[in-house]
Amino acid sequence: MWRVVPGQSLVFREWDGEAVLYNDLSGNTHLLDGGAVDVLLALRAQPLDAATLAARLADRFDADTDADALPAAIADMLTDLARLDLVESLPC
Amino acid sequence: MLTVADLPRRELAARLAGPGLVLRTGPFANRIRSDIPQLRDGIALLYADYPVDAPGGFADFHLSLRRAGGLRRFFRPQVCFSHEGVSPFKPLPLAQAFPMFEWVMNWCVTHRAHSWLIIHAAVLERHGRAIILPAPPGSGKSTLCAALVTRGWRLLSDEMTLVRLDDGAVLPLPRPVSLKNESIGIIRAYAPDAVLSPPVENTNKGTIAHLKAPSASIARVGDVAQPAFIVFPRYEAGAPVTLTPMGRARAFMGVAENAFNYQVLGMRGFTALGQLIDATAAFEFRYSKLDDAVQLFERMARDGV
Amino acid sequence: MKTLPVLLRVLRDPAAAVGLDAAGWDLLLRQALNADMSAILLVLLEDAGLLEQVPKAARSHLEWARMTGERHARAVRYEVLQIGRALSGLGLPLILLKGSAYALAGLAAGRGRLFSDIDILVPKAQLGEVEAALMLHGWAGTHQDAYDQRYYREWMHELPPMEHLRRGNVIDVHHAILPETAAVRPDPAKLRAAAVALPALDPGMPPLHVLAPHDMVLHCAVHLFSEGEFSHGTRNLFDLHRLLLEFGRQDGFWDGLPARARALELGRPLFYALRYCRRLLGTPIPDAVLRATAAEGPAQPLRALMDSLFLRALLPAHPSCADAFAPLAHGMLYIRGNWLRMPFFMLTRHLFHKAFLSPDAKPVH
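Protein chains in written order, with this note's numbering: chain A, 4 to 95; chain B, 810 to 1114; chain C, 421 to 785.
Treat the hints with caution; some may be incorrect.
As the list claims (entries may be wrong) - 20 Å max Cα-Cα, derived SDA-like pairs, lysine to any residue:
hint, chain 1, residue 1, chain 2, residue 2
1, C, Lys476, B, Val1103
2, C, Lys476, B, Val1030
3, C, Lys476, B, Ser924
4, C, Lys476, B, Gly894
Unchecked claim - In silico contact screen, one side only, chain C against chain A (beta carbon under 8 Å); selected entries:
hint, residue
5, Arg491
6, Ala493
7, Arg494
8, Tyr498
Simulated from the structure, these hints should not be mistaken for lab results. Glycine included, C-beta positions come from ideal geometry on N, C-alpha and C.
Full structure from sequences and hints, please.
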């Protein structure tokens, strides 16, 4: 299960599918693609696991993405977002 | 209003040597103390039109540039900058007193003036539209800036773009434009009537000279400008003029990377930069001929596209 | 005593700023900037409801300081989080010291404070593991000169400062609060035993600790009064002042303070702390405590000499506050600071090394 790190307000600006996001903890700013922002916003609503995220967001990602590859791609994305202290995994 | 040119030379020297010359640049009052003749002459030449406050009041920045003492005085004279009793930098050869002065004037603002998002960029205005030119050293920004200044553009700054946090207006901070190495000759040829300081050699950036800011720009120091364009310039020998639109998110990151105090401002900086990106169109720009660049910018400022 | 510098007058009583003219504000802000206390000045004036009365030009400077203060507060929380993560597998109690302790514990002394290094206290036996864990997480040792290494590891009470390669922040890892070589050896085990846990920063991490209130005050006092250099003298004295004000409201704090000082062999630093806080900042201290600690102070004429040294060195370091004797006072306290930390033969060798052999240049003051 994943959730947004407490204390992150996820303030972001998006233009043409690319976004910049302010990291409340580190004070850094990150360049993210729109897909990553969708993942963050979905997790802000409630903690979810990678498979559920993939199912919910399937229609937002490119049509030609292999349906089986999406959960793995999302898992990779979550690992990257965790490294930035934006999300964290919870013991299930 | 009293300017540097209104002070008799002796009075200028006395203030610098004594209570300090309080020089206004943009929104700042700078109290300057120095016993170095090259610096006094540089100020008299390049800051002639700038307002001067009476000494003894409030100043934003206090700078002291003096000859370093000791035996060194006689063999290799040096200039030392001190700020409230602390000398943050190593001394430089005395001949570099004026470039050092320009450099520490910048340092004072970029390290402390956090009422603004301060971008390492030139900013000029024409026809009511301001163009911001962020660029790392060596990109030709200052040459381009100097060229535009000599072709009627209002200079707001050649080095530090001050973006007001609440409303995104750009505050003028016109100061001498620094030129390095070949740029000096290029601008002399491009604008034979321009007032330039004597070149100073062997600085850690090569030979440096400073171009006097136009009086008209200094006179309008109270008029903010509205930014319309952010242009990342790059000089490339032989390159035709090319203007390539830039994605806004990438432009955001490009400006953040070129801002002195973006990290200090935290969320406020993020918000202000987002608004700046909303208000402007961003481009990457390649050029080799100054005239081509000047013509293109003129069209952008006139037509708004 | 001559008139106090304007910065001290305002620290004692923020309302003293209200009557200042342009030149007065100019000087106050410059003294504060030099002392790294601009953001603290902002906090004091804002808490006292006086910000609206500050003239516009000076007010801008305070707002600049607000940005810097907030930035530091954010950075110290994040840095402590990273340190906690790096050390979480070691099972040792992580004790924060000094500024980062005040900030993370939400104390008044942490507000507006700027931070350079982060100081932590760990058991001596686990120094090696701590150093290794930090290196694994991106910190690298500094002061690679063999002499400096020995200075820190063998003689002082800490690892050489470690700098994070990417973030640039520095951590100082201590195993005691005074050096091995000092004559007085407050027992770190006692400090660790009394340490207080803070709410956890991160669910995955063991809780952080800070020293107990008495020990926090005593550490601040011994740090200030065995130091050789006083560029942050005013700020550190003001830390003490704010700690005493805050903890002084807790039951039993004042009663227990003299005894705890004696138990840790820190009676003399406490004497100085109370004496100079009272003289320079007007800190309210119960008479009973002053009487209980009076005997810990030096006898005359040493007492008068120490007054003349400390009452100069603890003034703001700005040139406007120095009199003709200030350089001599600083010089003597520098020697004293080193003398307190190491035996005489080591001291001379150390000073010689610092003056002539050390490759690191210090900023010129």
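Hint-by-hint comparison with the structure:
1. C:Lys476 with B:Val1103: Not OK: Lys476 of chain C and Val1103 of chain B at ~40 Å, beyond 20 Å, violated.
2. C:Lys476 with B:Val1030: holds (19 Å)
3. C:Lys476 with B:Ser924: Given pair Lys476 of chain C, Ser924 of chain B holds - Cα atoms ~13 Å apart, limit 20 Å.
4. C:Lys476 with B:Gly894: Violated - the C-alpha atoms of Gly894 of chain B and Lys476 of chain C are around 26 Å apart, more than 20 Å.
5. Arg491: Holds, because the Cβ-Cβ distance from Arg491 of chain C to chain A comes to roughly 7 Å (cut-off 8 Å).
6. Ala493: violated (10 Å)
7. Arg494: holds (5 Å)
8. Tyr498: holds (5 Å)
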